[in-house]
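Participant: Sequential numbering of the sequence shown, starting at 1, is according to the UniProt record's numbering.
A hint or two may mislead.
Heads up, simulated SDA-like pairs for lysine to any residue below, C-alpha to C-alpha not over 20 Å straight-line [claimed, not checked]:
#1 K384 <-> Y502
#2 K384 <-> R500
#3 K501 <-> I512
#4 K378 <-> K344
#5 K396 <-> P368
#6 K501 <-> F447
#7 K397 <-> E292
#8 K344 <-> N449
#9 K454 <-> S365
#10 K396 <-> I413
#11 K384 <-> S365
#12 K397 <-> A372
#13 K378 <-> L364
#14 K382 <-> N400
#15 K344 <-> T448
#16 K384 <-> V426
#17 K344 <-> H434
#18 K431 <-> S49
#19 K384 <-> K344
#20 K344 <-> M461
#21 K397 <-> P371
#22 K344 <-> V426
#23 K384 <-> A372
The set of hints was computed from the structure by calculation and includes no laboratory data.
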Amino acid sequence: MLGENTVNPEGEFKISFGYECNAHNGCSCMVPSGFESLPGKIPKNSSFSRLSGAALSANATLANTNICNGVIGAEILPTWDSPNSFRRIPSSPTLSRLDVLSSSLQSTMSNLSCSPPTPSPPEYDSCSFRSMSAPSRNEGFLNAMEVQVAGGAAGEDRVQAVCSEENGWLFCAIYDGFNGRDAADFLAGTLYENIIHQTRLLDCDLKQDVTGASNVFYPHGPFQHAFKGANNSHVEKPPTGTFDKNNSSIKKSINNALVHDSSDSFRQGMLDSLQRALSQAENDFLYMVEQEMEDRPDLVSVGSCVLVGLLHGMDLYTLNLGDSRAVLATYDEGSNMKGFGRIKPIQLTDSHTVDNELERSRVLSDHPDDPAVIAGGKVKGKLKVTRALGVGYLKKKNLNDALMGILRVRNLISPPYISTEPSLNVHRISKSDHFVIVGSDGLFDFFTNDEAVKLVHSYIMSNPNGDPAKFLLEQLVGRAADCAGFSMEELMNIPAGRRRKYHDDVTVIVIILGINQRTSKASTWA
1 MLGENTVNPE GEFKISFGYE CNAHNGCSCM VPSGFESLPG KIPKNSSFSR LSGAALSANA
61 TLANTNICNG VIGAEILPTW DSPNSFRRIP SSPTLSRLDV LSSSLQSTMS NLSCSPPTPS
121 PPEYDSCSFR SMSAPSRNEG FLNAMEVQVA GGAAGEDRVQ AVCSEENGWL FCAIYDGFNG
181 RDAADFLAGT LYENIIHQTR LLDCDLKQDV TGASNVFYPH GPFQHAFKGA NNSHVEKPPT
241 GTFDKNNSSI KKSINNALVH DSSDSFRQGM LDSLQRALSQ AENDFLYMVE QEMEDRPDLV
301 SVGSCVLVGL LHGMDLYTLN LGDSRAVLAT YDEGSNMKGF GRIKPIQLTD SHTVDNELER
361 SRVLSDHPDD PAVIAGGKVK GKLKVTRALG VGYLKKKNLN DALMGILRVR NLISPPYIST
421 EPSLNVHRIS KSDHFVIVGS DGLFDFFTND EAVKLVHSYI MSNPNGDPAK FLLEQLVGRA
481 ADCAGFSMEE LMNIPAGRRR KYHDDVTVIV IILGINQRTS KASTWA
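Go ahead and model the full structure; you've got the sequences and the hints to work with.
Facilitator: See the structure below:
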């Protein structure tokens, strides 16, 4: 029976963070024990109502890494990590995290050698951490005076959540590290900033397109809009007196720009921005590895899967490398929306492993002259995932040469063998969509998409103010214990490292969609 086995929150749930916002229209929400209650400010243009997250560790990993001269672990990650509560931070600090990282590494990383696969926007130096003429930190459609952040590490996994109450957007990410947590730490310290920077550049480009076409100045920008309903039918009108009212073509040009957010061109621009941000992170990480591998040759084997979800208005953007998944739970057409209809899973992401026949065929076709490209069910006998950030020894010969003995890959004939080309998707939220499960592969070692969706759905229906992500991990621990012949308590008493034999690090985020109730909470289980 669901929920029969539970783990004592005072025992195993050592880290928790979260908040709940009061609902609109005078309706308040029950605040679970241990969660901080804050006034709700999420506007009606948001398409999510709650956020629940949990993470379970199995690997023994150092608490802090020393990459990038210690800047990531000592200066950047502490600004993101909030193990006990969501907390507000200004989104426009005087010195951004990337500025801190860039300035601290000037001696070794002043001229990054890189060549992103996608063209960089004008006036952007793709081989540095900063734009040569950076837009203001208050510009862009993800602009906000302050944001709510939470995050933490569980084993080699890292989880992040960033929410703008004032603008109603949500960023969440799971970085599933392997062979160490350095790559996951690097992503946690840089990728969000990269994405914000790229979306600001996108916003500036689109503003220039508007002003160039109309030869007028529109100070509010094309994305200062409000969402109203699933069709985004309401947009802000341009200010009066800024154009010739008799010129219908100018009016049409500006109005077209104002609804860029709901157009295919804007969505494609957003997907391109996500890909450029990831490319920058990959280039910067591999360059850092090359600088530090003499002292730390293990860095050449460190990597991370990447799963990013960005919910803005009614659009859910996903980016993934590796085998983490985003699974949408949606009602069949004609179902009872009160929860009595049939709910089904839709996987929004691709699985980048050799077990995926399409990925396996791609890898083989990319390396026709290498008879041992897949050996023992792994790429070059080393890695089951086919796409990931880092793992430089499978991408560059000089990084492979840094390894010694049996660790080195023999016959590295045609690198790179691991791709950094992400799968990108945008899903338009509909009234039938109920929630999204974002999880690392450890979750799906024990549950199919359908099982995970049904577990969460059943729990939400009976516990509307509960924590579905935490519940899902409790069910996972129960299943892992049954498979191993242990009780849940016996399994959780096995030290991290040894417990990896029975389950992987697992990170889960459940995003409940809808506009009736505005709550958000999360917890980390370590």
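Participant: Confirm or reject each hint.
Facilitator: Here is how each hint holds up against the structure:
1. K384 <-> Y502: 18 Å, holds
2. K384 <-> R500: 17 Å, holds
3. K501 <-> I512: 32 Å, violated
4. K378 <-> K344: With a Cα-Cα distance of about 32 Å, the restraint between K378 and K344 is violated, given a limit of 20 Å.
5. K396 <-> P368: 18 Å, holds
6. K501 <-> F447: Given that 20 Å is the threshold and the Cα spacing comes to 17 Å, the pair holds.
7. K397 <-> E292: Distance of about 16 Å is within 20 Å: holds.
8. K344 <-> N449: The given pair, whose Cα atoms are some 9 Å apart, holds under the 20 Å limit.
9. K454 <-> S365: 38 Å, violated
10. K396 <-> I413: 11 Å, holds
11. K384 <-> S365: Since the Cα atoms of K384 and S365 sit roughly 17 Å apart, the hinted pair holds (cutoff 20 Å).
12. K397 <-> A372: 16 Å, holds
13. K378 <-> L364: 12 Å, holds
14. K382 <-> N400: 12 Å, holds
15. K344 <-> T448: With Cα atoms ~12 Å apart, K344 and T448 stay inside 20 Å; holds.
16. K384 <-> V426: Violated, at roughly 26 Å.
17. K344 <-> H434: Distance ~10 Å between K344 and H434 Cα, so the pair holds.
18. K431 <-> S49: 13 Å, holds
19. K384 <-> K344: 28 Å, violated
20. K344 <-> M461: Holds, at about 15 Å.
21. K397 <-> P371: 18 Å, holds
22. K344 <-> V426: 19 Å, holds
23. K384 <-> A372: 14 Å, holds
This entry does not satisfy hints 3, 4, 9, 16 and 19, going by the numbered hints stated previously.
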